[in-house]
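Engineer: Residue-level listing of the chains:
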Amino acid sequence: MAALKKFEDLNASQIDVLTEIGNIGSGNASTALSSLTGKEIVISMPEVKFLGFQEAIEKNGSPEETVAAVLVHLKDDIRGMILIIVEHEFAEAILSVFFGEKKIDLLNLSDEDISALTEIGSIMSHSYMTAISSLAGVNIGIETPSFAVDMFGAIMSVPIIEFGEIGEKLLCIDKFIEINGVKMKSNILLIPTVDSLSVLFGKLGME
Amino acid sequence: MNLSVGISDWKIGKPPDVVVTYALGSCVGICLYDKKTKIAGLSHIMLPESTGSGEGSGLNRMKFADTAIPDMFNKMLIMGASRATVTAKIAGGATMFTTGASCRFNIGERNVASVKAALHALRIPILAQDTGADYGRTVFMYPEDGKVTIKSAGKGEKNI
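Protein chains in written order, with the working numbering: chain A, 1 to 207; chain B, 1001 to 1160.
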């Protein structure tokens, strides 16, 4: 198979592999979150989606909704980013687990809340990537996480712009998180670069 | 009518339309307005330069500052706007994550610089701007009087 140039060129079995990778990775991330919080965490089956830029925003949320986000860049064999979108309800549930029942305003989080959310995002990203690197035998480096609270659309402009130079679509592997039986929207988006996928499929003997 | 401009898109309206683009992050919204004819264009660009983008012939000209702005301006002229009276207001170009790898690209700043260069090349004066910083912006443009309203999370609205 020729090297991948566009996400649209992925075949069905490659998409299956990516779904499985998303599944294993996010399973690991949810286990990490469970042991951190002592709560039962369930993560939905991931979906692999190729989305146009506008779609990536409209299908995952509403553009003007205020959300918190943890962004982690990946380096070495697999490049791209993990973007964890934390909606108000989920942030409140998670922070209540750590600091006792509380109401929060995403736009006025305390330093303590911000570090807790950043740390959770970081732990989830690490366990996600650890699963993928042991599965595929690839090295994945993770950069220091960054945190922001803003309109969902404005946050999404970051991956959209970084990947916008090579095409019109974004590959998102995403899923929802359930905590204590309550389904809350919190997207973990794994957004790999197209050449990283070639590396990954090569390692898995799929080329 | 509310005309909604997506990412890598531009639209032109006339009164009583409102032209809007939601949640600009590091992207830049360019409002061009001809007060004589009340023709108003809003472009939402993602990237500074089309050259070297590697897109070849399939290039999406609405994505880049250096192609989207002249295209929208030309379309406004075709619709009857007068070259001498078109002015600009710009917003966006924020750095959404102020630490880590993504802020190293300085993409917001580069987008704003490229937008200014494109406007300068077309001799379109910039009347007002709300650019940079670390927050997202929704832009409403009113062709009736050229007013531009900017809405941000937790910061309310302001007119430029």
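No lab work stands behind these hints, which were simulated from the structure alone.
Each residue gets a CB set at the ideal place from its N, CA and C atoms; glycine is no exception.
Warning: the hint list may mix true and false statements.
Computed cross-link-like contacts, DSBU-like style, restricted to lysine-lysine with a CA-CA straight-line distance of at most 30 angstroms [claimed, not checked]:
| hint | chain 1 | residue 1 | chain 2 | residue 2 |
| --- | --- | --- | --- | --- |
| 1 | B | K1011 | A | K6 |
| 2 | A | K169 | B | K1011 |
| 3 | B | K1036 | A | K59 |
| 4 | A | K59 | B | K1158 |
| 5 | A | K103 | B | K1158 |
| 6 | B | K1151 | A | K102 |
| 7 | A | K59 | B | K1011 |
| 8 | A | K59 | B | K1035 |
| 9 | A | K169 | B | K1116 |
| 10 | A | K103 | B | K1116 |
Derived Cβ-Cβ restraints for the label pairs, each shown as a range [unchecked claim]:
| hint | chain 1 | residue 1 | chain 2 | residue 2 | range |
| --- | --- | --- | --- | --- | --- |
| 11 | B | G1058 | A | G205 | 24 to 34 angstroms |
| 12 | A | G202 | B | P1015 | 22 to 32 angstroms |
| 13 | A | E58 | B | A1084 | 45 to 55 angstroms |
| 14 | A | F98 | B | E1144 | 43 to 53 angstroms |
| 15 | A | S62 | B | L1059 | 26 to 36 angstroms |
| 16 | A | D16 | B | M1001 | 42 to 52 angstroms |
| 17 | A | G202 | B | A1113 | 34 to 44 angstroms |
| 18 | B | K1147 | A | T144 | 38 to 48 angstroms |
| 19 | A | E112 | B | D1134 | 32 to 42 angstroms |
| 20 | B | A1133 | A | T144 | 47 to 57 angstroms |
| 21 | A | G202 | B | T1085 | 24 to 34 angstroms |
| 22 | A | A12 | B | P1125 | 11 to 21 angstroms |
Engineer: Work down the list of hints and note, for each, if the structure agrees.
Structural biologist: Cross-check of the supplied hints:
1. Among the hinted pairs, K1011/B with K6/A is consistent with the structure: their alpha-carbon atoms are about 28 angstroms apart, no more than 30 angstroms.
2. Between K169/A and K1011/B the alpha-carbon distance is near 21 angstroms, which keeps this suggested pair within the 30 angstroms criterion.
3. At roughly 40 angstroms between alpha-carbon atoms, K1036/B and K59/A are farther apart than 30 angstroms, so this suggested pair is violated.
4. With a CA separation close to 29 angstroms, the supplied pair K59/A and K1158/B stays within the 30 angstroms bound.
5. Using a Cα cut-off of 30 angstroms, the hinted pair K103/A and K1158/B holds, with the two alpha carbons roughly 29 angstroms apart.
6. At roughly 28 angstroms between alpha-carbon atoms, K1151/B and K102/A fall within 30 angstroms of each other, so this suggested pair holds.
7. Only pairs whose Cα atoms come within 30 angstroms are accepted, and K59/A paired with K1011/B is accepted, the gap being roughly 22 angstroms.
8. Taken as a hint, the K59/A and K1035/B pair is broken in the structure, with Cα atoms around 37 angstroms apart against an allowance of 30 angstroms.
9. With a C-alpha separation of about 27 angstroms, the suggested pair K169/A and K1116/B falls inside the 30 angstroms cut-off, and the hint holds.
10. Under the criterion of a C-alpha separation no larger than 30 angstroms, the hint pairing K103/A with K1116/B is inconsistent with the structure, at around 43 angstroms.
11. At about 32 angstroms, the CB distance of G1058/B to G205/A agrees with the hint of 24 to 34 angstroms.
12. Evaluation of the 22 to 32 angstroms hint for G202/A and P1015/B yields a failure: the beta carbon distance comes to about 58 angstroms.
13. Roughly 39 angstroms separates the CB atoms of E58/A and A1084/B, a value that falls outside the hinted 45 to 55 angstroms.
14. Our hint of 43 to 53 angstroms for F98/A and E1144/B holds, since their Cβ atoms are close to 51 angstroms apart.
15. In this structure the supplied range 26 to 36 angstroms holds for S62/A paired with L1059/B, their Cβ-Cβ distance being about 30 angstroms.
16. Separation of D16/A from M1001/B is about 44 angstroms and conforms to the stated range, judged on CB atoms against 42 to 52 angstroms.
17. Distance hint check: the CB atoms of G202/A and A1113/B are about 39 angstroms apart, consistent with the given range 34 to 44 angstroms.
18. Between K1147/B and T144/A the Cβ separation comes to about 42 angstroms, which falls inside the hinted range of 38 to 48 angstroms.
19. Restraint check, E112/A to D1134/B: a C-beta distance of roughly 21 angstroms breaks the suggested window 32 to 42 angstroms.
20. Taken as a hint, the range 47 to 57 angstroms is violated for the pair A1133/B and T144/A, whose Cβ atoms sit roughly 22 angstroms apart.
21. Between G202/A and T1085/B the Cβ separation comes to about 58 angstroms, which falls outside the hinted range of 24 to 34 angstroms.
22. For the pair A12/A and P1125/B, the supplied restraint of 11 to 21 angstroms is violated, since their beta-carbon distance comes to about 54 angstroms.
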